[in-house]
Amino acid sequence: MTAVRFEHVSKSYPIYSQILTGLKASLLNVPQTIQRFKRHRFMALDDVSFEVGQGESVGVIGSNGSGKSTTLALTAGVLRAQSGRVEVRGRVCPLLELGAGFHPELTGRENILLNGILLGLTRREILARMDEIIAFSELESFLDQPLRTYSSGMYARLGFSVAVHLEPEVFLIDEVLAVGDLRFQAKCREKLEEFKKRRVTIVLVSHSLAEVRGFCERVIWLKDGKVAADGEPGSVIARYEAAMA
Amino acid sequence: MRFPTTREREYLKDLLVVLTQKEVKLRYKSSWLGYLWSVANPLAFAALYFVAFSVYMRVDIPRYPLFLIAGLFPWQWIANSTGAAPNLFLTNTSLIKKIRFPRNVLVGAAVLNDGIHFLCSIPVLVGFLLAYGSRPSWSWLIGIPVLALGQSLLVYGLALTIASLNLFFRDLERLTTLVVTFLFFLTPIVYSESMIPEKYRALLYLNPVAPLILSWRELFLSGGLDWSVISLGYLYAAGVFVVGSLIYMKLSWKFAEVV
Ligand SMILES: Nc1ncnc2c1ncn2[C@@H]1O[C@H](COP(=O)(O)OP(=O)(O)O)[C@@H](O)[C@H]1O
Ligand SMILES: [Mg+2]
Chain A
1 MTAVRFEHVS
11 KSYPIYSQIL
21 TGLKASLLNV
31 PQTIQRFKRH
41 RFMALDDVSF
51 EVGQGESVGV
61 IGSNGSGKST
71 TLALTAGVLR
81 AQSGRVEVRG
91 RVCPLLELGA
101 GFHPELTGRE
111 NILLNGILLG
121 LTRREILARM
131 DEIIAFSELE
141 SFLDQPLRTY
151 SSGMYARLGF
161 SVAVHLEPEV
171 FLIDEVLAVG
181 DLRFQAKCRE
191 KLEEFKKRRV
201 TIVLVSHSLA
211 EVRGFCERVI
221 WLKDGKVAAD
231 GEPGSVIARY
241 EAAMA
Chain B
1 MRFPTTRERE
11 YLKDLLVVLT
21 QKEVKLRYKS
31 SWLGYLWSVA
41 NPLAFAALYF
51 VAFSVYMRVD
61 IPRYPLFLIA
71 GLFPWQWIAN
81 STGAAPNLFL
91 TNTSLIKKIR
101 FPRNVLVGAA
111 VLNDGIHFLC
121 SIPVLVGFLL
131 AYGSRPSWSW
141 LIGIPVLALG
151 QSLLVYGLAL
161 TIASLNLFFR
171 DLERLTTLVV
181 TFLFFLTPIV
191 YSESMIPEKY
201 RALLYLNPVA
211 PLILSWRELF
221 LSGGLDWSVI
231 SLGYLYAAGV
241 FVVGSLIYMK
251 LSWKFAEVV
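Chain order of the listed sequences is A and B.
Residues in the first sequence are numbered from 1 upward in steps of one, following this note's numbering.
Residues in the second sequence are numbered from 1 upward in steps of one, following this note's numbering.
So that you can see chain A by itself, here it is in the shape it has in the complex (with noise of 0.2 Å):
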């Protein structure tokens, strides 16, 4: 069975400074301001085409700008494409940032519910969660205090937290392993690890090839947009290595 399947998709973006023309230029001239929104576009992903099966853990690498975090948000939903189809099979955490939606004025505790809920889940079902995301986290004897008092360390182990209480069937995670202390790095490699034996769908994208080669099964490499090679991890994380020498 397949949770991710991506047909011949392209996503371009518009060119930022056509926004910023404002609505004076644009009503000034309305035929040239859709002739420009279409005309410009950078094309992010380029007839792009690759399946994940489930339970499958892939990495995905590339060089800045390649497309990775596009294909994520694609498949996370927040994004939509030009052209093409994406399909995604089960529920999706998508780790795109740590702790997105967190506001530092509020305490840990609120912090959870509101990126817990932010994420998908109900108030009954995070109030479910509320200890072992608190213990997974370590942090209960700072989480009355605003989050604005926490170092980013600790602002990601929160975040992390949540994330992986949500029981995802599909886990997007988008460069946000790299953070927190030592300790808490190999706590989430272990979560992650669960995850893989529960046959948890996995999306990694990482820039640490020697993470990417022990956890994933399978590697994309995106290459301005395109699929360069997509296979066994040890041979394309060697032809990206060489081209990138």
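It is worth saying that the hints were derived from the structure and are not from the lab.
Treat the hints with caution; some may be incorrect.
Pairs of lysine-lysine, DSS-like flavour, derived with a Cα cap of 30 Å [claimed, not checked]:
1) B:K254 with A:K223
2) B:K29 with A:K226
3) B:K29 with B:K97
4) A:K223 with B:K97
5) B:K13 with B:K199
6) A:K226 with A:K196
7) B:K97 with B:K250
8) B:K97 with A:K196
9) A:K187 with B:K13
10) B:K97 with B:K199
11) A:K223 with A:K196
12) B:K29 with B:K13
13) B:K250 with B:K13
14) A:K187 with A:K197
15) B:K254 with A:K226
16) B:K25 with B:K97
17) B:K254 with B:K97
18) A:K191 with B:K254
19) B:K13 with B:K25
Assemble the complex: chain A is given as a structure, and chain B with the ligands must be docked to it using the hints.
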């Protein structure tokens, strides 16, 4: 169209409640100061209009200070929400880029927060009423919920329209300020509708916010409920709500690329 499941409905309700709680909590974080500041604002304007229009220009309206705040308090809700609307999505960039959730709930929460604040300012209005020897009427028990619901729809529709469009046309904020100021002076708040010359009075009913503001003031001052005016207010509210929702549905899938 497909009807939401029980869990989806529970989820939407929770999302709205938690986001609204967050807004309210942040507003009153410094406890009473937050409340005082936001009541002080319309009161300061009431004092200003009193001096300008009653003392200097000799506008002859009985109990003018009370008359002013009975219109200014509900107006403040519209002004606050539409004033914050242009930046509503822009200040939540990381959310919109990284998480998939119904983004219009952000607007709903902001509008409810301003609405709750308006309801919390009613005691101040009651204080003025008592000082002028009047009393709240029992009809408030029906009138306040009915008007608050209508106004929620109206303000939500306005704010959703502004917030969505502003992502694509970033100078909309200035236009909003201008339009809101126009609406303020075209709505009978500092003057009464009977002061408008007969031949222009029909124009009043082309103003989508006027019927609700007039209804609030009538309710606060005399306890009266004019259901034909309220119906017109609801008609406008529904229209604005539908327009805002259509614009949002048309544009929302592009939000993450432009914030
Ligand atoms: N919202 C956006 N608007 C315009 N261009 C964007 C936007 N997001 C990403 N891009 C561009 O798309 C390309 C791919 O970006 P991204 O998917 O973030 O790459 P990666 O994660 O692999 O570094 C980059 O060139 C980037 O500049
Ligand atoms: Mg990236």
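Now the hints, each set against the structure:
1. B:K254 with A:K223: The given pair, whose Cα atoms are some 24 Å apart, holds under the 30 Å limit.
2. B:K29 with A:K226: violated (49 Å)
3. B:K29 with B:K97: holds (28 Å)
4. A:K223 with B:K97: holds (22 Å)
5. B:K13 with B:K199: violated (47 Å)
6. A:K226 with A:K196: With a Cα-Cα distance of about 27 Å, the restraint between K226 of chain A and K196 of chain A holds, given a limit of 30 Å.
7. B:K97 with B:K250: holds (18 Å)
8. B:K97 with A:K196: holds (27 Å)
9. A:K187 with B:K13: Measuring from Cα to Cα gives roughly 34 Å; hence the hint is violated.
10. B:K97 with B:K199: violated (52 Å)
11. A:K223 with A:K196: Distance of about 27 Å is within 30 Å: holds.
12. B:K29 with B:K13: holds (24 Å)
13. B:K250 with B:K13: Given that 30 Å is the threshold and the Cα spacing comes to 23 Å, the pair holds.
14. A:K187 with A:K197: holds (15 Å)
15. B:K254 with A:K226: With a Cα-Cα distance of about 22 Å, the restraint between K254 of chain B and K226 of chain A holds, given a limit of 30 Å.
16. B:K25 with B:K97: The given pair, whose Cα atoms are some 25 Å apart, holds under the 30 Å limit.
17. B:K254 with B:K97: Within the cut-off at roughly 10 Å; holds.
18. A:K191 with B:K254: violated (34 Å)
19. B:K13 with B:K25: Measuring from Cα to Cα gives roughly 18 Å; hence the hint holds.
Violated hints, in rising order: 2, 5, 9, 10 and 18; the structure is consistent with all others.
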